[in-house]
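Work out the full structure: start from the sequences and follow the hints.
Line by line, the protein sequences give chains A and B.
Position 120 (the first sequence) corresponds to 119 in numbering that gives the first Met the number 0; numbering is contiguous.
Position 75 (the second sequence) corresponds to 74 in numbering that gives the first Met the number 0; numbering is contiguous.
Don't read these hints as lab results, they were simulated from the structure.
C-beta: ideal position from N, C-alpha, C; glycine also.
Fair warning: there could be bad hints in the mix.
[Unchecked claim] Covered stretches of chain A (chain B as the covering partner; in silico rule of three or more C-beta atoms under 8 angstroms from a C-beta of chain B):
#	segment
1	53–65
2	76–83
3	106–116
4	119–132
Protein chains: 2
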Amino acid sequence: MSGLRAQKKADKNRRILEAATTLFRKVGYDSARIEDIAEMAGVSVGTFYNYFKNKGDMLMATVSMEVEEVLAAGDAIIARDHDEVAPALSELIGKYYDHSLTYLSKEMWRTAMSLSIAQPETPFSKRYTALDHRLSKQVCDLIRALQKRGVVRREVDCDAVGELLFNNVNMMFIEFVKDEEMDVDGLKAEVARQNAPVARLMCLTAE
Amino acid sequence: MSGLRAQKKADKNRRILEAATTLFRKVGYDSARIEDIAEMAGVSVGTFYNYFKNKGDMLMATVSMEVEEVLAAGDAIIARDHDEVAPALSELIGKYYDHSLTYLSKEMWRTAMSLSIAQPETPFSKRYTALDHRLSKQVCDLIRALQKRGVVRREVDCDAVGELLFNNVNMMFIEFVKDEEMDVDGLKAEVARQNAPVARLMCLTAE
DNA sequence: AAAAAATATTGAACGCGTTCATTTTTTGAG
DNA sequence: CTCAAAAAATGAACGCGTTCAATATTTTTT
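Encoded structure:
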C-alpha cells in the first residue's frame, strides 16, 4: 500500500503546475497570486511551498519546455546542408524567435530573465543560464558546420563568432520582450541586418 | 519669503539620496530598507515616496552618473586616431568595463538591469534603455571613425557591426555581474577573443 | 494678522511572497 | 489492530515595498 503517498504527491505537483501556468497565461505572472494558484490547485499556500521553492521556480518548467523544443528544432536545421551563411543563420535564429512565444508571453519572459539576473545563485538562474549556453553552443555548431562545408573561411574562429552572434540574438530578444509593440518579423529583420556584414565577410565567395 | 519650501525640498532630496547610496553601498540594495533610508535621512517613509517614485528609481541616479562619465571618456577615445581595429575596440570596451564598478557594485548592476527588463514601461527602464542606446551608438561611431581613416573596409555597414559588437559587450557584462568570481580582466579577454575574427575581417590590411 | 488655499509630512494599513510552529495524515513495526 | 515515528499539510504571522487618509506647515488672499 505504499504508493499512496507518492501518488498523491505526483497528483498535487501536476495540479499546482497546471493551475500556475493557467493563471500566468490568464492574468499574467505578477497578478497571479500564490494564494490563487494554491486555491485553484486545491491546496494551501504552505503546501505550494512544499512543492516549489518559490514563485519564480514555477516559470522554469515552462521556460525549459520552450527551450528544449527549440534546441531540438535547431539541431534539425544544423543537420541539413547549407550553401550560404546568411540564410542559414536567419533560419536558425528565425526558429528561435518564432517559437519563443509558444508557451511564454513577453511578460513571462521578462520575469524569467529578470529573475535570472537578479538572483544568479538560485537554481532558477543556473538552469536558465545553462539553457542559454546550449543555445549559444548551437549557433557555434552551425558556423562550424558551414566551415566544414567550405562555406565559411577556414581561419575563422567559429566559437568566437558564434558566441558573438548569439549574444546579439539574445540581447535583441531582450529588447523585443521589453517592447510590447515590436513583432517577431521586425525583430528578425533587425537581427538579419546586424548579421549581414559579418556573414558576408565570413564567406569565401564574397572575396 | 517664498524660498523656504524650495530650499527644504532640495535639502531633503539631497539627504535622502545620500542616505540611500550610503546604505546601498554598505549593506547592499536588497538589504537597505526604505524605512532605514528614511530614518537616516531624517524623514518619514511617506516622505521618501514624495521624493522618489520607488526604491528602484534611487538606483537610476547612480547608474546615470556612471554611464555619463563613461560616455565622456569614450568620446575622448574616439576622437584620437587609431591605426588598428582590434586595439581601438579593446580600448573603448576596456574603458566601459574598467569604469563599471566605480559607483555601482555587481549587485546594484544586477538590480538595475533586472528592473529595466521586468518593468519596461517605468521611467527607470526608459532612462536605462536610453543610456544603453547611447553606448551602442558610441561603438558605431568608433567603427565609422575607423572606416573614415581607411582602417575598416568601405563596404562595411558600421551601424550593423557596431550594434552587434555592443550587444555582445552588453550581454557579456550581464554574465560578468551575474558571476561574483569573474574579474574585469577575464571579461575583457573573453570579449577581445569574441571580437577578434570580426575585427580581423573588417580590416583592409588583413586581405 | 487672520483665514483660506495650497502643499508637504506622516505612519498606520495594505498586498503579496514567504516562513514556520502546529496539526493531520500516512506508514510500518509489534 | 494499535501506536509511535515520519512525512505532509496548514494558515496565521512576518517582512518589506508601497499607498493614502489624516494632519501639519507654508503660502496667498483679504
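Cross-check of the supplied hints:
no.: 1; hint: 53–65; in the structure: violated (count 0)
no.: 2; hint: 76–83; in the structure: violated (count 0)
no.: 3; hint: 106–116; in the structure: holds (count 7)
no.: 4; hint: 119–132; in the structure: holds (count 3)
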